[in-house]
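Here are the chains, one letter per residue:
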Amino acid sequence: MEVTPTHSDPSFFKPHGTTMRSEVRVISYILSGWLISIVGCQLFAYLLEVNYSALLLDDLIFFNLPIQFWLSGQLLPLWFIILCILFNLWMDRRTVQNLEGSLRFRVKPTRGEDE
Amino acid sequence: MAYGMIQLVPIAIVAGMFALFILSGLRSRSGQSSEYGFSGSYTGRVGIGAGIASNWMSAASFLGLAGIFYLKGYFGMAYVVGWTGGYVLLLVLMATQIRRFGKFTAPDFVGFRYESDTARTLAAVISIIISVIYCVAQFRGIALLVSWLFGIAYFPAVIIGTSLVVSHVVVSGALGVVRNQKLQYFVLIITFILPLMLLTRKLGYFWILPQFGYGAAISELQQQFGFNWSEPFASTSLFEWLALCFTLMFGTAGLPHVLSRFYMVPGIRDARWGVVWGLFFIALIYWSAPAYGVLARLFEARNGLALNTGSADAADMIALSGAGLGGAPLWALGLLAAGGMSAAFSITAGLLMNGSASFSFDIYPRLIRPNASEQDKVYAAKAFFLVLAAVVMTLTFQPWGMIAEIAAFAFALAGNTIFPAFLLGIWWPRANATGVICGMLTGLVISFTPLFIGDSLPVIAHLFPLTSSAFLGAPLVIIVMIVASLLTAPPSAAIRLFVSRDVHDCPEN
Numbered sequence: 001m002e003v004t005p006t007h008s009d010p011s012f013f014k015p016h017g018t019t020m021r022s023e024v025r026v027i028s029y030i031l032s033g034w035l036i037s038i039v040g041c042q043l044f045a046y047l048l049e050v051n052y053s054a055l056l057l058d059d060l061i062f063f064n065l066p067i068q069f070w071l072s073g074q075l076l077p078l079w080f081i082i083l084c085i086l087f088n089l090w091m092d093r094r095t096v097q098n099l100e101g102s103l104r105f106r107v108k109p110t111r112g113e114d115e
Numbered sequence: 001m002a003y004g005m006i007q008l009v010p011i012a013i014v015a016g017m018f019a020l021f022i023l024s025g026l027r028s029r030s031g032q033s034s035e036y037g038f039s040g041s042y043t044g045r046v047g048i049g050a051g052i053a054s055n056w057m058s059a060a061s062f063l064g065l066a067g068i069f070y071l072k073g074y075f076g077m078a079y080v081v082g083w084t085g086g087y088v089l090l091l092v093l094m095a096t097q098i099r100r101f102g103k104f105t106a107p108d109f110v111g112f113r114y115e116s117d118t119a120r121t122l123a124a125v126i127s128i129i130i131s132v133i134y135c136v137a138q139f140r141g142i143a144l145l146v147s148w149l150f151g152i153a154y155f156p157a158v159i160i161g162t163s164l165v166v167s168h169v170v171v172s173g174a175l176g177v178v179r180n181q182k183l184q185y186f187v188l189i190i191t192f193i194l195p196l197m198l199l200t201r202k203l204g205y206f207w208i209l210p211q212f213g214y215g216a217a218i219s220e221l222q223q224q225f226g227f228n229w230s231e232p233f234a235s236t237s238l239f240e241w242l243a244l245c246f247t248l249m250f251g252t253a254g255l256p257h258v259l260s261r262f263y264m265v266p267g268i269r270d271a272r273w274g275v276v277w278g279l280f281f282i283a284l285i286y287w288s289a290p291a292y293g294v295l296a297r298l299f300e301a302r303n304g305l306a307l308n309t310g311s312a313d314a315a316d317m318i319a320l321s322g323a324g325l326g327g328a329p330l331w332a333l334g335l336l337a338a339g340g341m342s343a344a345f346s347i348t349a350g351l352l353m354n355g356s357a358s359f360s361f362d363i364y365p366r367l368i369r370p371n372a373s374e375q376d377k378v379y380a381a382k383a384f385f386l387v388l389a390a391v392v393m394t395l396t397f398q399p400w401g402m403i404a405e406i407a408a409f410a411f412a413l414a415g416n417t418i419f420p421a422f423l424l425g426i427w428w429p430r431a432n433a434t435g436v437i438c439g440m441l442t443g444l445v446i447s448f449t450p451l452f453i454g455d456s457l458p459v460i461a462h463l464f465p466l467t468s469s470a471f472l473g474a475p476l477v478i479i480v481m482i483v484a485s486l487l488t489a490p491p492s493a494a495i496r497l498f499v500s501r502d503v504h505d506c507p508e509n
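Protein chains in written order, with our numbering: chain A, 1 to 115; chain E, 1 to 509.
Do not rely on the hints blindly, as some may be mistaken.
[Claimed, not checked] The following label-pair restraints were derived from C-beta to C-beta distances:
| hint | chain 1 | residue 1 | chain 2 | residue 2 | range |
| --- | --- | --- | --- | --- | --- |
| 1 | E | 386 | A | 47 | 52 to 58 Å |
| 2 | A | 98 | E | 150 | 57 to 63 Å |
| 3 | E | 457 | A | 50 | 27 to 33 Å |
| 4 | E | 156 | A | 85 | 45 to 51 Å |
| 5 | E | 451 | A | 29 | 35 to 41 Å |
| 6 | E | 224 | A | 51 | 24 to 30 Å |
| 7 | E | 329 | A | 96 | 48 to 54 Å |
| 8 | E | 483 | A | 32 | 43 to 49 Å |
| 9 | E | 155 | A | 31 | 32 to 38 Å |
| 10 | A | 98 | E | 330 | 55 to 61 Å |
| 11 | A | 26 | E | 163 | 49 to 55 Å |
| 12 | A | 63 | E | 156 | 44 to 50 Å |
| 13 | E | 452 | A | 29 | 40 to 46 Å |
[What the hints assert, rightly or not] Distance condition first, Cα-Cα at most 25 Å in a straight line; then the derived SDA-like pairs of lysine to any residue:
| hint | chain 1 | residue 1 | chain 2 | residue 2 |
| --- | --- | --- | --- | --- |
| 14 | A | 14 | E | 27 |
| 15 | E | 377 | E | 163 |
| 16 | E | 72 | A | 40 |
| 17 | E | 72 | A | 31 |
| 18 | A | 14 | E | 304 |
| 19 | E | 382 | E | 367 |
| 20 | A | 14 | E | 502 |
| 21 | A | 14 | E | 367 |
| 22 | E | 72 | A | 62 |
| 23 | E | 72 | A | 51 |
| 24 | E | 72 | A | 14 |
| 25 | E | 103 | A | 95 |
| 26 | E | 202 | A | 63 |
| 27 | E | 103 | A | 19 |
| 28 | E | 72 | E | 304 |
| 29 | E | 72 | A | 19 |
| 30 | E | 72 | A | 64 |
| 31 | E | 202 | A | 14 |
| 32 | A | 14 | E | 495 |
Hints in this document: simulated from the structure, not taken from any laboratory.
Glycine included, every Cβ here is placed at the ideal spot set by N, Cα and C.
Let's have the full structure, built from the sequences with the hints guiding it.
What follows is the structure in structure tokens.
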């Protein structure tokens with residue numbers, strides 16, 4: 001049997017429906033946080049090196065490490081874990097909401113029954 | 001570091017660790033029927049995370065990364081960020097959606113989503129090439145360790161290492177050993193961090209968290225020995241750093257053996273939380289790995305040794321040789337060697353078996369013997385396993401580069417081919433077979449061009465460095481896929497509806 005989609009195809013940039021729209025919105029936030037942190041940390045280290053020479057980087061020690069080592073080696077992996085946790089929490093919440101919605105639909109009383 | 005003599009204590013520790021894994025695997029075999037396993041048992045989200053992490057650990061993580069830090073300093077951070085940041089991409093863009101396709105391998109996914117046997121075969125061929133390249137990096141690590149353990153040259157060590165890997169797979173298969181990935185991960189992390197704690201304690205640094213304690217070594221290297229760590233982009237450009245970092249991230253989200261973890265996990269929610277645990281376990285290794293490279297430099301400087309920039313072999317073994325110079329006891333060196341060997345063995349065995357399975361189920365019955373029975377396919381898989389091992393062994397004789405660099409090339413290939421195929425396959429229902437075939441072929445060309453004509457065309461080598469080509473390559477492949485898909489007929493209505501409705505929960509009207 002020929003199956004024909006009755007609407008135009010959704011995509012990441014053209015999400016359809018509430019579920020996909022909200023999912024794409026959260027993914028965009030997470031990926032923005034991911035991209036900005038990676039590029040931002042490197043630009044920060046690069047600009048410090050270019051504009052202030054090595055002297056400032058020598059003095060900027062965080063948790064016993066030079067700032068660029070701490071940012072890239074310690075903070076970014078931790079930040080990625082936090083981003084993943086945030087995404088999962090949001091997905092879990094959405095799953096529960098969808099489930100509640102479907103349960104409400106299922107237990108809706110038929111006409112004539114007490115609510 | 002003493003070459004030319006047999007390291008009896010480390011050999012005993014390596015043998016003991018393999019015996020432990022085999023015995024543990026035999027014990028967990030009885031519980032297999034009630035649990036779930038993709039070469040291992042399912043034990044909740046932490047177990048999935050440990051499985052992801054132990055599946056990920058390799059010679060590149062154990063040995064290669066320290067070598068990169070030793071030789072290239074801050075440039076090594078691109079590996080740390082790339083190999084952890086890729087899991088964010090994997091989680092948010094692929095992990096949940098892949099499960100909804102219900103396919104078990106990368107070629108399966110490509111064949112189903114793009115409704116094309118040609119695309120499926122091409123994906124299988126690419127998966128095999130990725131496995132071979134990745135295995136070369138692992139075989140190199142195994143050979144270097146065998147060379148150190150038995151005090152023999154690199155060439156015979158490659159042959160012995162290959163024989164050991166093949167024997168390991170055959171014996172494990174014959175005995176029906178199930179990989180206990182949780183145990184394996186926790187043993188690996190102990191073998192990696194315990195020697196590091198010993199070394200930092202010996203130096204009087206903050207040894208309880210050596211991941212931070214090694215900062216004192218950086219200061220000492222700067223102040224007393226004039227090593228310049230404070231100019232992160234002095235020897236490499238910002239572009240090179242970002243290109244490598246993003247290539248590794250795209251590759252992480254495109255490596256077939258990494259993606260396969262998500263096909264098999266029982267629940268979507270478990271798969272998602274398993275990624276978080278896996279990323280945490282992986283980060284534990286990468287928070288620590290730079291310390292080995294930095295400490296090795298310090299020990300060399302203290303002993304009046306110059307930085308050895310010419311030898312990739314020496315750099316790849318710097319975690320062990322640095323620990324030796326720092327006065328770590330032989331049993332600690334044995335732990336480190338056993339961890340590296342175990343990580344390289346398990347990933348190599350998995351990759352070779354995946355490669356042979358791809359051949360026997362995706363290529364052999366389609367291109368070589370269309371009427372092959374199930375028994376024929378099993379024989380083909382066994383034969384191809386040996387062929388793959390021989391090919392990898394032959395390639396490992398060549399000094400292609402450092403372990404981490406060879407692994408990065410495999411990531412670049414995955415990032416240029418499988419990653420775009422999955423990304424558009426999941427997120428754009430209009431992507432079709434022509435698009436994915438053109439895209440994957442373009443990805444192959446982009447990945448291998450710098451290897452073959454990079455010397456004669458420097459602009460190619462600059463824009464698409466061999467180990468970092470997916471930074472510009474993956475977006476280019478995505479553009480090729482979009483253009484080729486739009487210029488040709490759309491995929492069937494059924495698959496478009498499946499992606500919209502079943503994968504993304506879009507309403508039908």
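A quick look at each hint next to the structure:
1. 386(E) / 47(A): 52 to 58 Å: 54 Å, holds
2. 98(A) / 150(E): 57 to 63 Å: 59 Å, holds
3. 457(E) / 50(A): 27 to 33 Å: Taking Cβ atoms as reference, residue 457(E) and residue 50(A) lie about 29 Å apart, which means the hint holds.
4. 156(E) / 85(A): 45 to 51 Å: 48 Å, holds
5. 451(E) / 29(A): 35 to 41 Å: 38 Å, holds
6. 224(E) / 51(A): 24 to 30 Å: Roughly 28 Å apart at Cβ, these two residues keep to the hinted range, so it holds.
7. 329(E) / 96(A): 48 to 54 Å: 53 Å, holds
8. 483(E) / 32(A): 43 to 49 Å: 27 Å, violated
9. 155(E) / 31(A): 32 to 38 Å: 46 Å, violated
10. 98(A) / 330(E): 55 to 61 Å: Roughly 58 Å apart at Cβ, these two residues keep to the hinted range, so it holds.
11. 26(A) / 163(E): 49 to 55 Å: Holds, since residue 26(A) and residue 163(E) (Cβ atoms, about 50 Å apart) stay within the stated range.
12. 63(A) / 156(E): 44 to 50 Å: The hint (44 to 50 Å, Cβ to Cβ) holds, given that residue 63(A) and residue 156(E) are roughly 45 Å apart.
13. 452(E) / 29(A): 40 to 46 Å: 42 Å, holds
14. 14(A) / 27(E): Not satisfied, since the Cα-Cα distance of roughly 51 Å exceeds 25 Å.
15. 377(E) / 163(E): Holds, at about 24 Å.
16. 72(E) / 40(A): Between residue 72(E) and residue 40(A) the Cα gap is close to 22 Å, so the pair holds against 25 Å.
17. 72(E) / 31(A): 29 Å, violated
18. 14(A) / 304(E): Between residue 14(A) and residue 304(E) the Cα gap is close to 62 Å, so the pair fails against 25 Å, i.e. violated.
19. 382(E) / 367(E): 18 Å, holds
20. 14(A) / 502(E): Since the Cα atoms of residue 14(A) and residue 502(E) sit roughly 17 Å apart, the hinted pair holds (cutoff 25 Å).
21. 14(A) / 367(E): With Cα atoms ~39 Å apart, residue 14(A) and residue 367(E) exceed 25 Å; violated.
22. 72(E) / 62(A): 21 Å, holds
23. 72(E) / 51(A): Holds: residue 72(E) and residue 51(A) sit about 22 Å apart, inside 25 Å.
24. 72(E) / 14(A): Not OK: residue 72(E) and residue 14(A) at ~43 Å, beyond 25 Å, violated.
25. 103(E) / 95(A): Status holds; Cα separation ~23 Å.
26. 202(E) / 63(A): Within the cut-off at roughly 20 Å; holds.
27. 103(E) / 19(A): Within the cut-off at roughly 23 Å; holds.
28. 72(E) / 304(E): Holds. Residue 72(E) to residue 304(E) sits at ~20 Å (cutoff 25 Å).
29. 72(E) / 19(A): 46 Å, violated
30. 72(E) / 64(A): 21 Å, holds
31. 202(E) / 14(A): 58 Å, violated
32. 14(A) / 495(E): Cα-Cα ~18 Å, so holds.
Hint compliance for this structure: hints 8, 9, 14, 17, 18, 21, 24, 29 and 31 are not met, and every other hint is.
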